[in-house]
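My request is simple: use the sequences and hints to build the entire structure.
Each chain, written out:
Protein chains: 4
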Amino acid sequence: MIIVLKRNATKAQADELLARIAALGLKPLYMPGTERTVLGALGDERILESLHLDGHPAVERVQPILAQYKLVSREMHPHDTVVSLGGVPIGGPHFAVIAGPCAVESREQMMTTTAAIKAAGARGLRGGAYKPRTSPYAFQGLGREGLEILKEVADHYSMPSLTEVVEVADVELVEEYATAFQVGARNMQNFRLLKALGQSRKPVVLKRGMAARIDDLLMAAEYILAEGNPNVILCERGIQTFETATRNTLDLNAVPVIKSRSHLPIVVDPSHGTGVRELVAPMAKAAVACGADGLLIEVHCDPSMALSDGKQSLYPEQFATLMRELAPFVAAAGKTFS
Amino acid sequence: MIIVLKRNATKAQADELLARIAALGLKPLYMPGTERTVLGALGDERILESLHLDGHPAVERVQPILAQYKLVSREMHPHDTVVSLGGVPIGGPHFAVIAGPCAVESREQMMTTTAAIKAAGARGLRGGAYKPRTSPYAFQGLGREGLEILKEVADHYSMPSLTEVVEVADVELVEEYATAFQVGARNMQNFRLLKALGQSRKPVVLKRGMAARIDDLLMAAEYILAEGNPNVILCERGIQTFETATRNTLDLNAVPVIKSRSHLPIVVDPSHGTGVRELVAPMAKAAVACGADGLLIEVHCDPSMALSDGKQSLYPEQFATLMRELAPFVAAAGKTFS
Amino acid sequence: MIIVLKRNATKAQADELLARIAALGLKPLYMPGTERTVLGALGDERILESLHLDGHPAVERVQPILAQYKLVSREMHPHDTVVSLGGVPIGGPHFAVIAGPCAVESREQMMTTTAAIKAAGARGLRGGAYKPRTSPYAFQGLGREGLEILKEVADHYSMPSLTEVVEVADVELVEEYATAFQVGARNMQNFRLLKALGQSRKPVVLKRGMAARIDDLLMAAEYILAEGNPNVILCERGIQTFETATRNTLDLNAVPVIKSRSHLPIVVDPSHGTGVRELVAPMAKAAVACGADGLLIEVHCDPSMALSDGKQSLYPEQFATLMRELAPFVAAAGKTFS
Amino acid sequence: MIIVLKRNATKAQADELLARIAALGLKPLYMPGTERTVLGALGDERILESLHLDGHPAVERVQPILAQYKLVSREMHPHDTVVSLGGVPIGGPHFAVIAGPCAVESREQMMTTTAAIKAAGARGLRGGAYKPRTSPYAFQGLGREGLEILKEVADHYSMPSLTEVVEVADVELVEEYATAFQVGARNMQNFRLLKALGQSRKPVVLKRGMAARIDDLLMAAEYILAEGNPNVILCERGIQTFETATRNTLDLNAVPVIKSRSHLPIVVDPSHGTGVRELVAPMAKAAVACGADGLLIEVHCDPSMALSDGKQSLYPEQFATLMRELAPFVAAAGKTFS
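So the protein lines, in turn, are chains A, B, C and D. Under my numbering, residues 31 to 368 are what the first sequence spells out, in order. Under my numbering, residues 31 to 368 are what the second sequence spells out, in order. Under my numbering, residues 31 to 368 are what the third sequence spells out, in order. Under my numbering, residues 31 to 368 are what the fourth sequence spells out, in order.
If you are wondering where the hints come from, they were derived from the structure by calculation, not from laboratory data. Errors might be hidden in some of the hints.
Identical copies carry no separate label here, and so any pair may be met within one copy or between two of them.
[To be verified] Below, computed lysine-lysine pairings styled on DSS-like, alpha-carbon distance capped at 27 angstroms:
hint: 1; residue 1: 148; residue 2: 181
hint: 2; residue 1: 57; residue 2: 36
hint: 3; residue 1: 57; residue 2: 365
hint: 4; residue 1: 57; residue 2: 41
hint: 5; residue 1: 41; residue 2: 365
Written out as structure tokens, the structure is:
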């Protein structure tokens, strides 16, 4: 850790800080410069965090050398983690597509949609029973009834299911009905929820928040692993930028960055990431090409009647076409469909 | 509501959409142009939301004319709302300063800090018992013990207290101990939490999320009002931008924008908004000048030892100076200290 | 064009605005609503721009229905434009890779680098003689000498050359030495420069500005076409966001969005777009997959000694590997190498 | 300067880098850690820039300790610089308001507007003869004729004039007609233009680019000072963010940040910064309160007929009201009107 002192910092202040560093068992380093004095601390700098040196009046800024996450770091765990989504492998040499509607609306909608996506090659079924919606007057999801439908349909088609959990109180219920939890972008830093999911052993698909740097996403995943659940799948789904042509800016750069920093699998959601049906296919292919381990794709049996996110949902035949077109990209990326 | 059709949309598709609009009791409007056909719908366009027309394959985009919020809108409620924070008025002609440390660390820390801020003129006490922290290895707050200390100290100094609630399950406990709830930026769109707070009648300070547009903040407030709690105080605390000189970009433009769109009071948190101690005073003055109804300021009896956010906490003497310097700005803004 | 009036706008103000619309030969439309009056204008709304209605005190906002660009629009020109870069086709079914160092540093550096990239399959040579640098104390390029070296080397290897022009006064000189002009991100809205390049018939690679929406890029291209030069190649090279893991955020969504809005070819610069050598290859593949027409790749014979942007430059052997790995992606995208 | 090596960097690579540091006359520092080796270089790190160490394959990242600017830095020049705008002092204890229309449209428009702003207390006249416009089909300014009108009107009212220069070739002409140059946001990194203006001794108002960090603005100013012109006035005018309620996000945090880093005066343009007439007054007051040295305000004799930016232009009577209301804020800020 590097501690840059203010221009007017005194030698006495530097000595006080060096003493605090030494007291923690770290090796302090004194580097007087012509315009600034810089201090260093050699050793596990996570210990140094507890000193909160950035609040000291003589300190201009603290520059950590290492990321603050450990368990999710590739440095500690060089090999790719493969998470089993009810038997479907996510990560490593595998490529998996999870599809389904934004929201569970009815048994019939789920049956029709699931038949279509399974036939086209999807290996997981997604569908929300609890929908975080910007407006209190919009459809909020079917709740428990939605979970029941999801389970029935997933069982009927022998597919693992993925559904969003928005609240600690619902974790137990969702765990009962679904194969895996999804944490939405708005809850990426709902740390209580992350801790609760860390107590489970079911897989967690953790979506990147709209204002979250990649390292923030990795720190959020660290919460889950730190509680004991290693089955985390990261998900890029777009960040908030000034561009308005897309609902969000799908940040595919995150895929190779995460691959270099973490051993966890990463999937991409081009449906939420772009918010536009016509952009889903090209961005899905791009996700494969830059190294993603899978895709979350919104498909609805009739998007023109969907109760949420119809604008970004594929028609079943569009999804089937996409799956066919994806195949050579998956092969070129050196992966095989799960 | 304006519905722009795709270039290749057919007359039959337009007719189908017009029929759906008419079936809702709205007046449909057909506007064929040289390059595009545009449809209109006159009447309460919130009804039209239920049609989800943007998912229709012939629709390029839907442009609402009105904001989706009602209860928070100044159009429905032209006069400024004044919220009582345990007797301290927030809004209208009043200007209130709420101060205190980021986190409740100990009884002694709270007693010392509170004595100082009260003497300097603060009218409310803030302090967190539950701290959402980016790292699972950082100090997470004292929890219930923190709430007990906060209540004891607030009672001792006869000040209303404000503390963050991060989880539906904690609402009851926090309500028991504190005068008002704070919803942090990361929870601004935790809609379950908002609904739970809507069931209370205690004031809620709702902080703007880091990726939230101003209208997103107003929609989040609508959740609380829609459940029956009118006592909402909005809070600008900085948004996520590319600038790195400040921790966040405090967006003071939000103050006059919100004043024009909503009747709710708005306060500003320059401590989180900038993340830098030296910037707190100038931005606090600017907040007064552009029309804010109050300030949340982090003050710690010894920031160099603070367990969180020491870098942005004022020393007690800095806070006293700020309060003196604020007075002429408050007068110039036509307000009086609560 | 849709004109939303303020809540308190009078009927007389609406009539005044309707008269102004009618006076231009457009068909005015009056749509009184329960909460707002909305006006419409049917016809070529670009004419309406000249009325500057958004400055009127009764107008809340003006919502155009159509984009303001014409010549670059796919609506006016449905087929893909193919630009010839000195005989190398860019656009349509072709895929072209242009490579070379950030800056021309010496004849030897250019000879060595060009030999390597040509052998690996690059079809165009890039290299800057004028370098816009953030710091006045950094290497600013060799100027005319750089142009001479570039031309000599390009001629020697029979490759078309691409180099940046930063100033109207240099257009003539650059035109003499290079096959094509590059307009850098910082000059995307240097409208004088765009007009000057519109007078040429040599191809222009127009890079997206760091704060430019996609429609801003298309409007900038419109400047060049409006002056008579149809040979514009758009270039996505990253936008400014809050993410710091990458130097910029390469926004690949721009590729399919531009393909839907414009007939112009679009290439991607993953070197500047990410700023990190290790990210160039995966993002290059992703660019192919989402439909890009080509790539600009920085390659330097010894990046560890490069005078600029060494961090993002590939070693020659890395470039050769990338070219081999790109082939199946190009095939999967239904394109063939130029 | 701190050089963080990659995890797999060898001791030989570290030694090579240390030797390169030492060869420049800087003191190298070797700091082996448990997970990373960190190198340091003590001395003038601007020298080290020339080594371009970040391109080295063993280097993960380079963290400079000091900013790269010198001449604009407050560290080198602790006292506030006061720039004379044709006799009107900008900076230090002074507060100056420069007003006028976005564009010079006609002699009559300028005469009427200038009479009004002078009567209300403005001390400088702004008006554009060259207008960089997003669309090639929009009004582009009157050019030389506009400069002539500007000069005539400014002379008539004995006010200094400020006008934008967009191109090196125009510098001489603008210098002849105007008291001071304005560099617009889109040209902030037009380094050739900055150098040309550095050759003049007339004041330069340098506007922050929409994607420019504060340090980028200071580096741009360094270009002008490095050429010999010390008369630079910085201008905050809004940055590009995701918020759409305002045209740009006026970042007032930049004012105190710049005051801490530089000795140069800083003015604020709330007209472009917000793009909304109703927001100009509150944000102007906020600019005063956080320490700005002046304001640029757009005023038009009839904004409803303005050829550009009418939406953000004040009516003359609104400007007069603003000037009256500003007075107590200027006094509270410890400044006096120029």
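Next on the checklist: Checking each numbered hint in turn, tell me which of them this model violates, lowest number first.
Outcome noted: Violated: hints 3, 5.
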